[in-house]
Structure formats: structure tokens, C-alpha cells
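Protein chains: 2
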Amino acid sequence: MTAPRFSFTLHATDGKARTGTITMQRGEIRTPAFMPVGTAATVKAMKPEAVRATGADIILGNTYHLMLRPGAERVARLGGLHRFMNWPRPILTDSGGYQVMSLSELRKLTEQGVEFRSHLDGSKHMLTPERSMEIQRLLGSDIVMAFDECPRADRSRDEIAASMELSMRWAQRSRDGFNSGEDHASRAALFGIQQGALHQDLRRESADALTDIGFDGYAVGGLAVGEGQEAMFGVLDYAPDMLPADRPRYLMGVGKPDDLVGAVERGIDMFDCVLPTRSGRNGQAFTWNGPMNLRNARFAEDTAPLDVSCTCPVCATYSRAYIHHLVKSGEMLGAMLVTEHNLSFYQALMQAMRDAISERRFASFSRRFLRDYLHQEG
Amino acid sequence: MTAPRFSFTLHATDGKARTGTITMQRGEIRTPAFMPVGTAATVKAMKPEAVRATGADIILGNTYHLMLRPGAERVARLGGLHRFMNWPRPILTDSGGYQVMSLSELRKLTEQGVEFRSHLDGSKHMLTPERSMEIQRLLGSDIVMAFDECPRADRSRDEIAASMELSMRWAQRSRDGFNSGEDHASRAALFGIQQGALHQDLRRESADALTDIGFDGYAVGGLAVGEGQEAMFGVLDYAPDMLPADRPRYLMGVGKPDDLVGAVERGIDMFDCVLPTRSGRNGQAFTWNGPMNLRNARFAEDTAPLDVSCTCPVCATYSRAYIHHLVKSGEMLGAMLVTEHNLSFYQALMQAMRDAISERRFASFSRRFLRDYLHQEG
Chain W
-13 MTAPRFSFTL
-3 HATDGKARTG
7 TITMQRGEIR
17 TPAFMPVGTA
27 ATVKAMKPEA
37 VRATGADIIL
47 GNTYHLMLRP
57 GAERVARLGG
67 LHRFMNWPRP
77 ILTDSGGYQV
87 MSLSELRKLT
97 EQGVEFRSHL
107 DGSKHMLTPE
117 RSMEIQRLLG
127 SDIVMAFDEC
137 PRADRSRDEI
147 AASMELSMRW
157 AQRSRDGFNS
167 GEDHASRAAL
177 FGIQQGALHQ
187 DLRRESADAL
197 TDIGFDGYAV
207 GGLAVGEGQE
217 AMFGVLDYAP
227 DMLPADRPRY
237 LMGVGKPDDL
247 VGAVERGIDM
257 FDCVLPTRSG
267 RNGQAFTWNG
277 PMNLRNARFA
287 EDTAPLDVSC
297 TCPVCATYSR
307 AYIHHLVKSG
317 EMLGAMLVTE
327 HNLSFYQALM
337 QAMRDAISER
347 RFASFSRRFL
357 RDYLHQEG
Chain F
-13 MTAPRFSFTL
-3 HATDGKARTG
7 TITMQRGEIR
17 TPAFMPVGTA
27 ATVKAMKPEA
37 VRATGADIIL
47 GNTYHLMLRP
57 GAERVARLGG
67 LHRFMNWPRP
77 ILTDSGGYQV
87 MSLSELRKLT
97 EQGVEFRSHL
107 DGSKHMLTPE
117 RSMEIQRLLG
127 SDIVMAFDEC
137 PRADRSRDEI
147 AASMELSMRW
157 AQRSRDGFNS
167 GEDHASRAAL
177 FGIQQGALHQ
187 DLRRESADAL
197 TDIGFDGYAV
207 GGLAVGEGQE
217 AMFGVLDYAP
227 DMLPADRPRY
237 LMGVGKPDDL
247 VGAVERGIDM
257 FDCVLPTRSG
267 RNGQAFTWNG
277 PMNLRNARFA
287 EDTAPLDVSC
297 TCPVCATYSR
307 AYIHHLVKSG
317 EMLGAMLVTE
327 HNLSFYQALM
337 QAMRDAISER
347 RFASFSRRFL
357 RDYLHQEG
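For the record, the sequence lines run as chains W and F.
Positions -13 to 364 (the working numbering) are the ones given, in order, by the first sequence.
Positions -13 to 364 (the working numbering) are the ones given, in order, by the second sequence.
Wrong hints could be hidden among the right ones.
Remember, identical chains collapse to one label, so a pair may be satisfied in a single copy or spanning two.
[What the hints assert, rightly or not] Below are the BS3-like pairs computed for lysine-lysine, each with C-alpha atoms no more than 30 Å apart in a straight line: (1) Lys110 <-> Lys314; (2) Lys94 <-> Lys314; (3) Lys314 <-> Lys30; (4) Lys242 <-> Lys94.
Hints are computed from structural coordinates only; laboratory data are not their basis.
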């Protein structure tokens, strides 16, 4: 029996929180899912087998970075991204739309797409919905994201509305472009991205446009761009409800552990964020009692593991004192160990949320988690 | 049955080349042995279990670095270097004598020792034979090196002679200092270091002085300081023969793969060098066909492994094209993978030499190795 191209089965709900399984040809994805970010065909400072050992079912690759280096056509000639980087399980690729606006130089946005210069060598490139679909096909992506524009949160309502409408026209062109790659479309899935920033009516309009086109899953885009947790949760109080309940909902670029818990509570199924990997390289460890800066001198002779209740290989073996020494000394192993722990912690948090939803005790889980993590009053 | 404090058994000789086993309480060391360098309580970019998986029986730690950060007394309070860094097997520590002259600032050399300022924070420290022995004891070293002065090769014969004589007086003080740490001396070994640079009569004088004092093993010091391979081999044509045949002979800070083969041919049993790890971080891979710079554009679409005949986990999994991409992109995983391969290659080379000596075919092994590695005419 061949695995289906894409199916999403909900196992349990608890309030708005949901747990389920996405099944694809390259493997299953347990939801709520956290996807480690493998920007340039590597989850930084980690071997892929170690990423898998943390519990990750799927990772994210960045179209913008990979199209510039090593190049999508090159990755295709080398057998696709999975073989190139030794990650045989599902990969979600973003569309390049977000990074092209935040990282590239001399951007020119038109109805057609975005013309820009590479931040690496100044070379000129064009990203359109059609080219984004082609790049993601060349990479061999399992979950392809529609090409959109992600406006800054501080733009006016009129600008947000015009940008959202452009993104919806690009969503249709993404759908058409994706479908035209027939062999790839028979194995991969395509997600649409809701825009509209903090405006409920625009979010509704965007959700309706996407649902009319029809996607395998739906992302809530345009959040985690500086609006703050309260405003983000304000949007998440209604935005996921606008999206089809039988499809996965993906909150892009989020977030802190308490962001994840609050978003799952509001009906989100998938996440990606650089925070556990980037923090790992900066010596910041996540624990059930909040984040911990390993540079702090108070850890110099602390023989406890990073997190006393963590079962990851790092916590089984190394002391805070040793990791403090590595981080202070600028040793690569410090980045490697804290990254591995952080990704393990994020996956343990996802598993704890899946268990709590299955057992219909998410509200009490969330209350206790936030009490311990944020040191809030219970 | 408890393992002996230190024993050295020769299994076979072939010409001057020897293969044997050093047995210590923390494990066996197969000779000829290559010791990866773990300067600051980490073999850079490697987990210790991966270092062991390359075939390493013993690693080296640097007294100079560890005394400054995290500090020898701190390592002792944390249970010693083995526990601190999760390496349960033998560790050889150098005396600090070499690094204090090459890395520290405002050095003042007297009969008593060396006063210097830390290259990290300018703090003032003093290293003497007695303090070096104490630091190595606090670290919990298995093989302790006598404190010596390693002069630059370009110094006059009189200066070299005076320096060697000072090192021999320090060797006696090292022996006395080591013996005074009774509990540690009952578990650890002490090696003396021959000096005398390129002067055969001074090498003889130094060897006699060390043999009179009596050590568990003997190092050939003062080489690999810029004199070149020909001059080094010139010294190695006679220097090892001056040292007791029933004790291990250790060539400090060497070297390139062809240096190792030539030194084993001349009777050396142990080596350490930063080359495989430092090169790994610079994208230079060692192979049976010579070194390979992974930055080179010709590897951009090369699907072969780093070395086609290598059995290490890196070569089993990753292409030159992928590693080229990682190195070009400055990704940590590039340093991790090339380092792991390089350490595996060095250990495979040591195993190949041990096998060739056991089977008494070292001359033909050496000829074929150099032909392939240096692309010499066979």
C-alpha cells in the first residue's frame, strides 16, 4: 500500500486545541508539530540524524537561501534536497516571499513578482509565484508554500489590504504553477497563506479567497513581525477559525515556547522558528523553568544538567558548568550541545501538548506550563 | 585484576618501526598512536563519543589553556577533566611550557619558571615545574609531561644548549613534583622531553640526563617548530635511538600524514597535532590521495565522498558537493563533518601502519602511501 500524497487525520480535540497526524509519502507528521529550520540545507550545528533523534518529523528549508546558494537547479541535479542533505523525511519549503523582502537588496515589487539583488553577491534575480513553485519543485519539497507578500505590521490598513489582495492573486498563480508540475504535484502538497495583519475583516477576506482556490493546508502569515504576543494572540483568537477545520493550520515563524502553547490553545497545528537553533548558538538554553543564559557566571560550577527533568542526550551527559565553559570559550561544541538540547526541549514540549490534548487536559497543562515557564502565579 | 599504572608491550618491530600497546587504568593505547588535541576540554567541533568512534584511544589536553580557563582548581572541584568533558579514557596533558612561550604575553623566563600574562584577560600567572605538575594532577591527567622550555629553532647553539640544560634541571624538578603527588603518581605516568634542537650532541646529552632521572616514556621535543620535514627527519634518524627502547617515544606536535609515516619509520610511537581538527574547520580534508580543499569550485557538483575508500560515517553519507556547499556557506556542519572525517582518516592511517608493522611490510606500505599521498613516482 502506497502512502497517500497528503492526508490529515484529527485524533482528538480539547477546546480549540487539536492533535492529529499528517501522512505523506516520506513519512508521518505528528501535530501539533514543530519544524526545525534548515535554512541553507542544514539545521545549523546539527547532523540530520541528531535532528531526527530529537523527535522532529519534518524540517523547513528556505527557498530564498537555496535559490542563491547552491541554486535550485544544482540541488535538482544532485538528486534533490533530501538526498543532498541526508534528510529522508518530509521537508516544507517556504516560498521565498518573506526572506526576499527582509534580506535581499534593491527590491522592486510589481504585480508580476519581486526583482532583487542577492545579499551574497549582488547578482540580480526575480521571484514570481511561478518561479517560486518551480524552485520548490526542483528542491523536491514535500510541502510547498504559496508565494506571498508579507507586509510589515506598521503599514496602513489600505496598504495591508492591497498587499493581501496581491497575495491572493499570487495564491491563485501559485496553485496553477504548482499544478503544472504534474509529477511533483502528485507527490507534494501545497499550502496557502492567509494575510491581513491585525485586521479581522481582511483576515476573513483572505481566508475566503484561499478556501475558494483550495489548498492542502493553510498558514496564518504576517504574524511574529514585531506586533507582540498580545496582538498575535488577538488575531489567533479568530484567524484559525476562518480556515477549514479539516486541514492543518500552520503559524509561520513562531515562536517562543509560551507562544506555541498559546497558539495550540487557539487551534494551530504546525510551527517553525529559528529560536531554538539561533539561541543554541548564542548559549541560551530553553528549560521547563524558562530560558537560561549559559554565559552567566553563576553556572561556572553548577554540576546540574541544563534541565533537570530533560531526557535528551545532552542533559544525560553534560553539566551546566561544562557548557558554560564551552560557551565562554567560543567552542563550537557549546553551540552544538545547546542547539541539540533546545531542539529536544521543543519536541518534548510538542509531545507534552499532544498528550495533553489526547487526554483532554490541555487547559491545566497550559496553566501549569506557563506558571513554571514564566514563573507566573498558578 | 587491576590494570597496571603504566605498561608498554611491544608486539612487533619492522626495521625501526614498532607496534605495541600501552596499558593504563583508564584504557589501552595502541601504538603507533595519534592523539587528537582537545585544547580547551573539547576536541573542537566533535562530541567525545564521536572522537572515540574514529578510533582514538587517548586525547591531549593543554595545561596552558585549561589553567587559564576554566582553571585547574575548578576542574578538580568538578571531578577532573575526564568527567568534565565526558572522555573516560586516557588523557595526556602537556606541561604548558610550549604554549606559554608561544601564546602568552610579557613572559619573563628565570631559573624558577616562567612568569606571564594571560592572552585572555592579561592576568598574571607563574608556571614552574612544580606548578605544572600540580595543575596536571588537578586535571587528573593520565600521562603527565615534564615542564620544559622549547626554544625557537633559529637560536644559536649556545642558547639551545643553555635552554636544554635548563629543561633538564626542570625535568628533575618535574620528576620530584610528580612523585610528591602520591595518590596521583600511583595512577598516572610521567614523560620526559628531550631537547637539543638540531644538534646531535645536545640531543645525546639530553637523552642521557632524562634516562638518568627515569621516566615512563620519552618525548622528542623541539621539532615541528619551522625547521622543515628534511631537518626533522634528520634529527629523527638518530634521536629516538638515544631513548630507551622499552619505553614509548612521543614526537610532540607532529604532524602531516607523511610526517607521521616517516617518523614511525624512524621509531616513533606517539603523536599529537591540531592539523586534522584545524584543517577540518578550514575545509581541508585529508585523503589517501593527498589533501583536498573543499572550497574549490570543482567540488560543487561532485557526488563522490571525501575519500572514495574511507569507511567513516561522513564518507558513508555525504557528498563532496554537499560539504563544499556547507564550507562555502560558513555552516558549522561543514567544520563538523570535515573534522570527523579527518580524525577518522588519521586513525585509519595509524591502524594501517600498525597492521603493516605487524605484518613486517612497513617499507612497502610507506612507499605506496607516499606515492599515492604525495603523487610521487613509485
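For which of the previously enumerated hints does the structure constitute a violation, in increasing order of number?
4
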